[in-house]
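Engineer: Single-letter residue listing:
2 protein chains.
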Amino acid sequence: MTDLLRREPHIISAGLGLLADAATAQAARVSRVDWAPPLPGVEAALASVVADPRRGAANRLAVERMLAARALLVDVLPASQALGLTAGEFLHAGPPVTWDLASGPLRGAIMGAAALEGLVTDPEAAGALAERGSITLEPCHSRSAVGPMAGVVSPSMWVFAVEDPATGHRTYCSLNEGLGTVLRYGAYSPEVIGRLRWMSAVLGPLLQAAVRSHGPVDVTAILAQMVQMGDEAHNRNRTGTLMLLRDLLPSMVTSPFRSSQVADAAAFIGGNDHFFLNLAMPACKLAMDAARDIPGATVVVAMARNGTDFGIQVSGTGTQWFTGPALTPQGLFLGGYGQQDASPDIGDSAITETAGLGGFAMAAAPAIARLVGGSAASALATTQRMYEITLAEHPLFVIPALDFRGVPAGIDVTLVARTGILPQINTGIAGRLAGTGQVGAGLVTPPAEAFSAALSALANSVPARR
Amino acid sequence: MTDLLRREPHIISAGLGLLADAATAQAARVSRVDWAPPLPGVEAALASVVADPRRGAANRLAVERMLAARALLVDVLPASQALGLTAGEFLHAGPPVTWDLASGPLRGAIMGAAALEGLVTDPEAAGALAERGSITLEPCHSRSAVGPMAGVVSPSMWVFAVEDPATGHRTYCSLNEGLGTVLRYGAYSPEVIGRLRWMSAVLGPLLQAAVRSHGPVDVTAILAQMVQMGDEAHNRNRTGTLMLLRDLLPSMVTSPFRSSQVADAAAFIGGNDHFFLNLAMPACKLAMDAARDIPGATVVVAMARNGTDFGIQVSGTGTQWFTGPALTPQGLFLGGYGQQDASPDIGDSAITETAGLGGFAMAAAPAIARLVGGSAASALATTQRMYEITLAEHPLFVIPALDFRGVPAGIDVTLVARTGILPQINTGIAGRLAGTGQVGAGLVTPPAEAFSAALSALANSVPARR
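If you're matching them up, the sequences are chains G and X in order. So for the first sequence, this note's numbering puts the first residue at 1397; every next one is plus one. So for the second sequence, this note's numbering puts the first residue at 1397; every next one is plus one.
The set of hints was computed from the structure by calculation and includes no laboratory data. Just so you know, not all the hints are guaranteed correct.
Restraint-style ranges between C-beta atoms, simulated for each label pair [stated by the list, open to error]:
{"hint": "1", "chain 1": "G", "residue 1": "Leu1412", "chain 2": "X", "residue 2": "Ala1562", "range": "53 to 63 Å"}
{"hint": "2", "chain 1": "G", "residue 1": "Gln1726", "chain 2": "X", "residue 2": "Phe1800", "range": "34 to 44 Å"}
{"hint": "3", "chain 1": "X", "residue 1": "Ala1440", "chain 2": "G", "residue 2": "Leu1728", "range": "31 to 41 Å"}
{"hint": "4", "chain 1": "X", "residue 1": "Pro1652", "chain 2": "G", "residue 2": "Gly1574", "range": "36 to 46 Å"}
{"hint": "5", "chain 1": "G", "residue 1": "Arg1608", "chain 2": "X", "residue 2": "Arg1766", "range": "32 to 42 Å"}
{"hint": "6", "chain 1": "G", "residue 1": "Gln1726", "chain 2": "X", "residue 2": "Gln1726", "range": "40 to 50 Å"}
We put the CB at the ideal spot given by N, CA and C, even for glycine.
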């Protein structure tokens, strides 16, 4: 002890840099330890979940199943047929929500879908319909589906069916409408409804014919290539879209459809860099569904938002949603829009981050910085930070800029709780008011409450010691 | 001086690290300066070219014209029509060469082309024809064209016509045949000839119809996007190919061609990741042609190889070739092939490096490392090294991994001579023997002699002082 005071002091500083900065300014020797406090109030739950003897093996199994999942596009079908939706039933993104609590973009999308289905002539009349209970709302996730942004799926829309050949499990997602004034961003103008009618009348049936004649399209293989070609499969799906078009095109051309219809469809898909998103999402859901329902596993299997709440589901706690108020993304805005026009976070597309893509794979897509803000360096730093809260590196989705290291995949609730690092999501931003459409793109995280709540439920599920 | 000896020594070491390593090992303070000796024997010529009063302004003009060039795909035509080739006339890659000195892959390609043109029935008979002078050989570059690998163009082959809208200048390149057993790698089997016949009978005319109906395709815009999507436009043209297909497809579908022909063409293009190379090359040639013929300019405007010699052309010295023996690429080999099977460097495709793409843009395409050898880190280092010998950063071709810095473009003969740093080319590797085809892909540089010879000619062109 006497000796300690005589020696030159070597200060080790954990967490915030204030002390370290002050000591450094006085020429002291300082080593900084990267440490952050856990989420507030989780200590007891964290201790009991971490001590759960099932956890190690359960998470290993969850990760193994997630990484083994493969996604094939096997069919394109009307939602009525694929998902059993009947008149007046609408799916939406995120955890459950009622009309009175629904966000602007979700309301706008339901209004447009009600007009598409012929329940109302004027979309503005849909509100009254909803208020008297003639419209049923249900999360996409509850029917093995996912939907970007508002995520509204109604019976006459067509959906991709994606299947894991090893298990036969299928997931579904609507067809992507393009950017700007589109239903999933809450717009419901006649142009929006007209496009959706064409998608149901021509695009869906043509893609069905092409997929059935071509045979299954390997969505996982396309995802693996995309990540080496600047896409992160959430807000950049450029090469994915091009590869899908390449694969289906010969079968589209030789289908019985008129060449003008084939040309229109090819131009529509080719003109929409986001078209593949609606295949990336169900592929990610397939992988995360494979990791579901393992007692004791603390892996997040879904993150989804409805514009009001952000919800997560965890492998060890079944289909229970753990929610908190959705945050509002910060980002870059289109035209005259600004932060004040932004809806809180919305969409099932955070399933990509749940599976290690999107914000988690931003190092593979530095050009995303020009869309959502930040720099190539910050994109790299984001991916590197996500390794802190994930259990695995995906062997198929490798990042050239990190010398082919796999993306960080498999978010562990205990790692989030212990480090306070929240999953990084990149996202489109919908206008706050129904009818607006897209206003920008940016970055957002889940609310910490969702993870605290999940941790409590996991703690309650730990078997009592005998 | 006395004081100097009393103080702690601080050693500054330039160039090789031997002295610095030894001094460091003795705990001396060492600063290393990154310095390399100039090319051997160039000191006098270098001094006189560097002192040329025209040089600064001439190079600025050359760079300005190079960077301002834009390339549009405006037509697809038979080579007889576009290049005025007549029976028995063959273009080839690289500087001029005669049959007796021609490399294996160049001979193989001429043999196949002679069969394609009906000059011989058996390709093996073409040698005798060439030996008695019935075949005329001329570099592609002498007819505003470029050709990958052997680069053989014969009258009945179809070529892309690429035009700079500001100047009306056009350049040309054959259609890409795919990989493996193909004419440009020196193969001439019946399969090779059959494919070429289909390309002349169906693919060329169909693409002509599509381009004429679609209107000009902006090749420069595709190049700019590719570089942000993992392509370096020499040995990775994946996204470029997909974008071209996307752009032309609707016009292909609505063309008068049969749907089976359209489907075949779409599958052929979509199945060949290198298809866009043959548009990247003439686009790069357009840019470099714009920088030609400026007295006093020391910018390299062409690098090309014929499997025997490597030649360069320089802005200030017209169409004169400066050559040295082509080196043999080092790289990764297909199947059972190895380094001993490799032909010396061949092809006009080094026009991509001349314009700042290919090896110069490898930082944009780290996945190339898996094709040509090396790592993501070495790809980054290669691009960074090329800034040492170039005059500009291309504002349209920006590298996400370098935070959107432009690719190094505009090789300056004096910078190469002074630093001894040779341009880095990445390349396919042809089999040494005629008829083999591709054996691998790898890395190569020009022979230093080509730059020494160019520097001497530039020195001789410096106006005498009055």
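Engineer: Could you see if the CB distance from Gln1726/G to Phe1800/X stays within 34 to 44 Å?
Structural biologist: violated (21 Å)
Engineer: Indicate whether the distance between the beta carbons of Gln1726/G and Gln1726/X respects the range 40 to 50 Å.
Structural biologist: holds (48 Å)
Engineer: Holds or violated: the 31 to 41 Å window for the beta-carbon distance between Ala1440/X and Leu1728/G?
Structural biologist: For Leu1728/G against Ala1440/X, whose Cβ atoms are near 56 Å apart, the range 31 to 41 Å is violated.
Engineer: Cβ-Cβ distance between Pro1652/X and Gly1574/G: within 36 to 46 Å?
Structural biologist: violated (30 Å)
Engineer: At the C-beta level, are Arg1608/G and Arg1766/X separated by a distance inside 32 to 42 Å?
Structural biologist: Between Arg1608/G and Arg1766/X, where Cβ atoms are some 35 Å apart, the hint holds.
Engineer: Should the hint that Leu1412/G and Ala1562/X are 53 to 63 Å apart at their CB atoms be regarded as holding?
Structural biologist: holds (57 Å)
The structure does not agree with the numbered hints 2, 3 and 4 stated previously, though it agrees with the rest.
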